[in-house]
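Colleague: Read off the chains here:
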Amino acid sequence: MAMQPQLLLHPRPEGLYCPPGDFFIDPVRPVDRALITHGHSDHARAGHRHVLATRQTLDIMALRYGEDFAEATQVAEYGERLAVNGVDVSFHPAGHVLGSAQIAVEHGGMRIVASGDYKRAADPTCADFEPVRCDVFITEATFGLPVFRHPKASDEVSRLLKSVSQFPERAHLVGAYALGKAQRVIRLIRDAGHHDPIYIHGALARLCDYYKREGIDLGALEPATVEGGAKSGFAGAIVVGPPSAFADRWARRFPDPVTSFASGWMRIRQRVKQRGVELPLIVSDHCDWDELTETIVETGAGEVWVTHGREEAVVRWCEINGIRARPLHLVGYEDEAEE
Amino acid sequence: MKRFAELLDRLLLTPSRNAKLKLMADHFREVPDPDRGLALAAITGNLSFASVKPALLRALVAERMDEVLFAYSYDYVGDLAETISLVWPSDEATPSNDADITLSFAVERLDNASRSDAPTVLAGLLDRLTPESRFAIIKLVTGGLRVGVSARLAKQALANYGDVDVHDIEEIWHGLEPPYEELFAWLDGKAPKPERAALALFRSVMLSTPVQDGDLAKLTPSDYAAEWKWDGIRVQAVCEGGRHRIYSRTGDEISGAFPDLLEAMNYSGALDGELLVGHPPDHTGSFSDLQQRLNRKSVSAKTMREFPAFMRCYDLLLEGDEDIRPLAFAERRRRLERFVATLDPARFDLSPLVPFSQWEELDRLRMAPPHPIIEGVMLKRLDSSYVAGRPKGPWFKWKRDPHIIDAVLMYAQRGHGKRSSFYSDYTFGVWTGSETEPELVPVGKAYFGFTDEELRQIDKFVRDNTIERFGPVRSVRAQPDHGLVLEVAFEGLNRSTRHKSGVAMRFPRISRLRWDKPPAEADRLETLTAMLDG
Numbered sequence: 001m002a003m004q005p006q007l008l009l010h011p012r013p014e015g016l017y018c019p020p021g022d023f024f025i026d027p028v029r030p031v032d033r034a035l036i037t038h039g040h041s042d043h044a045r046a047g048h049r050h051v052l053a054t055r056q057t058l059d060i061m062a063l064r065y066g067e068d069f070a071e072a073t074q075v076a077e078y079g080e081r082l083a084v085n086g087v088d089v090s091f092h093p094a095g096h097v098l099g100s101a102q103i104a105v106e107h108g109g110m111r112i113v114a115s116g117d118y119k120r121a122a123d124p125t126c127a128d129f130e131p132v133r134c135d136v137f138i139t140e141a142t143f144g145l146p147v148f149r150h151p152k153a154s155d156e157v158s159r160l161l162k163s164v165s166q167f168p169e170r171a172h173l174v175g176a177y178a179l180g181k182a183q184r185v186i187r188l189i190r191d192a193g194h195h196d197p198i199y200i201h202g203a204l205a206r207l208c209d210y211y212k213r214e215g216i217d218l219g220a221l222e223p224a225t226v227e228g229g230a231k232s233g234f235a236g237a238i239v240v241g242p243p244s245a246f247a248d249r250w251a252r253r254f255p256d257p258v259t260s261f262a263s264g265w266m267r268i269r270q271r272v273k274q275r276g277v278e279l280p281l282i283v284s285d286h287c288d289w290d291e292l293t294e295t296i297v298e299t300g301a302g303e304v305w306v307t308h309g310r311e312e313a314v315v316r317w318c319e320i321n322g323i324r325a326r327p328l329h330l331v332g333y334e335d336e337a338e339e
Numbered sequence: 001m002k003r004f005a006e007l008l009d010r011l012l013l014t015p016s017r018n019a020k021l022k023l024m025a026d027h028f029r030e031v032p033d034p035d036r037g038l039a040l041a042a043i044t045g046n047l048s049f050a051s052v053k054p055a056l057l058r059a060l061v062a063e064r065m066d067e068v069l070f071a072y073s074y075d076y077v078g079d080l081a082e083t084i085s086l087v088w089p090s091d092e093a094t095p096s097n098d099a100d101i102t103l104s105f106a107v108e109r110l111d112n113a114s115r116s117d118a119p120t121v122l123a124g125l126l127d128r129l130t131p132e133s134r135f136a137i138i139k140l141v142t143g144g145l146r147v148g149v150s151a152r153l154a155k156q157a158l159a160n161y162g163d164v165d166v167h168d169i170e171e172i173w174h175g176l177e178p179p180y181e182e183l184f185a186w187l188d189g190k191a192p193k194p195e196r197a198a199l200a201l202f203r204s205v206m207l208s209t210p211v212q213d214g215d216l217a218k219l220t221p222s223d224y225a226a227e228w229k230w231d232g233i234r235v236q237a238v239c240e241g242g243r244h245r246i247y248s249r250t251g252d253e254i255s256g257a258f259p260d261l262l263e264a265m266n267y268s269g270a271l272d273g274e275l276l277v278g279h280p281p282d283h284t285g286s287f288s289d290l291q292q293r294l295n296r297k298s299v300s301a302k303t304m305r306e307f308p309a310f311m312r313c314y315d316l317l318l319e320g321d322e323d324i325r326p327l328a329f330a331e332r333r334r335r336l337e338r339f340v341a342t343l344d345p346a347r348f349d350l351s352p353l354v355p356f357s358q359w360e361e362l363d364r365l366r367m368a369p370p371h372p373i374i375e376g377v378m379l380k381r382l383d384s385s386y387v388a389g390r391p392k393g394p395w396f397k398w399k400r401d402p403h404i405i406d407a408v409l410m411y412a413q414r415g416h417g418k419r420s421s422f423y424s425d426y427t428f429g430v431w432t433g434s435e436t437e438p439e440l441v442p443v444g445k446a447y448f449g450f451t452d453e454e455l456r457q458i459d460k461f462v463r464d465n466t467i468e469r470f471g472p473v474r475s476v477r478a479q480p481d482h483g484l485v486l487e488v489a490f491e492g493l494n495r496s497t498r499h500k501s502g503v504a505m506r507f508p509r510i511s512r513l514r515w516d517k518p519p520a521e522a523d524r525l526e527t528l529t530a531m532l533d534g
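Which chain is which? The protein sequence lines are A and B, in order.
Positions 1 to 339 (my numbering) are the ones given, in order, by the first sequence.
Positions 1 to 534 (my numbering) are the ones given, in order, by the second sequence.
Since the hints were derived computationally from the structure, they do not count as laboratory data.
Any given hint could turn out to be false.
[Said to hold, decoys possible] Straight-line C-alpha distance at most 25 Å; calculated BS3-like pairs for lysine-lysine: (1) Lys2/B with Lys162/A; (2) Lys517/B with Lys460/B; (3) Lys273/A with Lys418/B; (4) Lys445/B with Lys273/A; (5) Lys22/B with Lys162/A; (6) Lys273/A with Lys22/B.
Input sequences plus hints: build the corresponding full structure.
Modeller: As structure tokens, then:
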């Protein structure tokens, strides 16, 4: 008889805990031993004693928190089986951002996959998601409602480029999360044949440099600073920055800007209007509804735990489809954030 | 279909007028007939179908998905059309193919559908479209298409596209039908301008320019006639070949809202004048009275009895079938006087001339008009013909000075477009309550009247004095000894049950920043309510 899943992993205030292995996955408070799925700051926090993650996730944490963000670190290769206090763990590509991983935890005949954040759509800046067969699948539900249907990201970027050609006298300000989304959007713009320099906000510089060092060609990037002081210098330019910057005084250097925002939330018009976005780009690093439900089926899991986001709808879908499911109440993750 | 859906979404989210014009003109350039004409019809509200009720849409979606999942979805999105456009399950067997389903194909299918097979036809279209296109179709069939574009703006986009004068488009507009192929052929330079085929069409109106400093010194009083400038709605009432129509000054037909006036239009000609309510010539209703008749598609018998519409005539453009616009104002006025004398006096009267010999004399009259609904005087050159647009010289408007109060800035909201990084929309209030413990009550909102430099100063004040944030809105410190006093100019005041203060300003704008003035010395609500009674 296999081990009961909740004895292998269960929520504690610090995060998802594995008692036999004595480790946490993506803990929100400092712990002795942490396994980290990816580098976004709500999942990867500073202050743990020992951190196990992919090389890129460790690099990103070092960029964000300094080289001494943990006492000891250990690299997990994708697909490699490691033992942590007698519990088998392995990291598998999650397709979310560079270095992102699902973590499979196996012990006593029970395998649970904690998928962290993931997506199924192709992304030229990170490895594709690999489905892992398991008994229990822990899924995020950021876009876990049937209304979230992400269009092809390349079509969204085409709309951006069309607007740039329609309004050559204006600057296009694209809001994008600094890790992952910004680099993906820039790469998509390059793939669509736009090779002019792209201007980036200072908050993006280190991560863009890191992506480039990892072999992801982002083309010519220049700082979005005012040189020579002329506003018209940015006419016709694409500027990428964190979304919060565009409501700030920082944005005043641009001529009559078109504000754009690359996010799965841009699917909902009311959200678009609330943010004052003129050109929404529905580009998400999370699964949409169809991808979530297809992935659940693909893992073959008999039980699904649903976390951060619209748990109730995913649980309902599982019930209709004869899969045991329950919400997993983890605190501290930004399901309503800017991705 | 995809192009159309994209256009709608961009128009909806684009705040700038010029950008909207550009988006529409580009659409007319890039999309072939008949789709571009149908898009135009949709935007101008000239495309309608046997309407589909929300209940039918809900029934269609209930056949296709779990009701609990639908309820979660609708609750999250808030808009039925949008929710359905997103949750509609794509048919695996017929993948979405917006390229094949053109707007004209969809319109034709829906047009030809009978009441009983309309649901099947609609579902068949939704099965094959992307969410954006589904949204556009659902909004079309439910009659809820709102993209923030007036018919006037769409006509301006056509004018820009074809490089013609917008008045030329206004004048033929009501004789044209979707998909407007002959209109586009003309704008493309491939065919002559469509004839004014239909009768009782709109004639583009003549507008005035404001009197500015020094203007009058150069003009001779005896060259001009003066008349009151009535603050109703400028209309054109046309009877031609048995057709009767009332147009707004932008050429939108508004006959349906004024059946009482329409019924009295038993002449042959075209009159230019002001629509007002009351019993002419002795009783002219207030602006609040007039509001009872505005922005209504239909009107009840009771409202028509209480607030009867009439037209105070300014000018005669067409007499019988003679176009008299080229004649001098003095001659048109003579004919107008004769013409109005033959009409129902309960529905038509003459806008009286204001005799004067010196500008100073007229200035005094303008400052103290005999009726609250007069907003100043008009000057019309006696020898001027009636021309479309706003030429400088023949007609001037000389308004009564605006009302001014000092108010305190209470809330600021972030602007759009060029102003998206500035707090540029201001809600201001005046004091109420006891003298010892006064409270501010909001009385209006303004987002212009200041210079770019002043905008930067107010923005800094807002950011430095924020006490709370609600989304894009900040509430700022506004206390008797700390806050920003705004001098607000406005044209008039109405009673309002919607506002806590009980008053609503017309056309408020910031006229000065009073950094020097302590908020405690700003005006009290009593000052405003006194203006209401006066």
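Colleague: Would you mind confirming whether the straight-line C-alpha gap from Lys517/B to Lys460/B stays at or under 25 Å?
Modeller: Since the Cα atoms of Lys517/B and Lys460/B sit roughly 18 Å apart, the hinted pair holds (cutoff 25 Å).
Colleague: Lys445/B and Lys273/A were given as a pair; does the straight-line alpha-carbon distance stay at or below 25 Å?
Modeller: Distance of about 20 Å is within 25 Å: holds.
Colleague: When you check the alpha-carbon spacing of Lys273/A and Lys22/B, does it fall within 25 Å?
Modeller: holds (21 Å)
Colleague: Hinted pair, alpha-carbon criterion (25 Å max): Lys2/B, Lys162/A. Please report holds or violated.
Modeller: holds (14 Å)
Colleague: Mind checking the alpha carbons of Lys22/B and Lys162/A for me, to see if they're no more than 25 Å apart?
Modeller: holds (13 Å)
Colleague: So if I understand the rule, the pair passes when the alpha-carbon distance is 25 Å or less; does Lys273/A with Lys418/B pass?
Modeller: With Cα atoms ~16 Å apart, Lys273/A and Lys418/B stay inside 25 Å; holds.
Of the numbered hints listed earlier, not one is contradicted by the structure.
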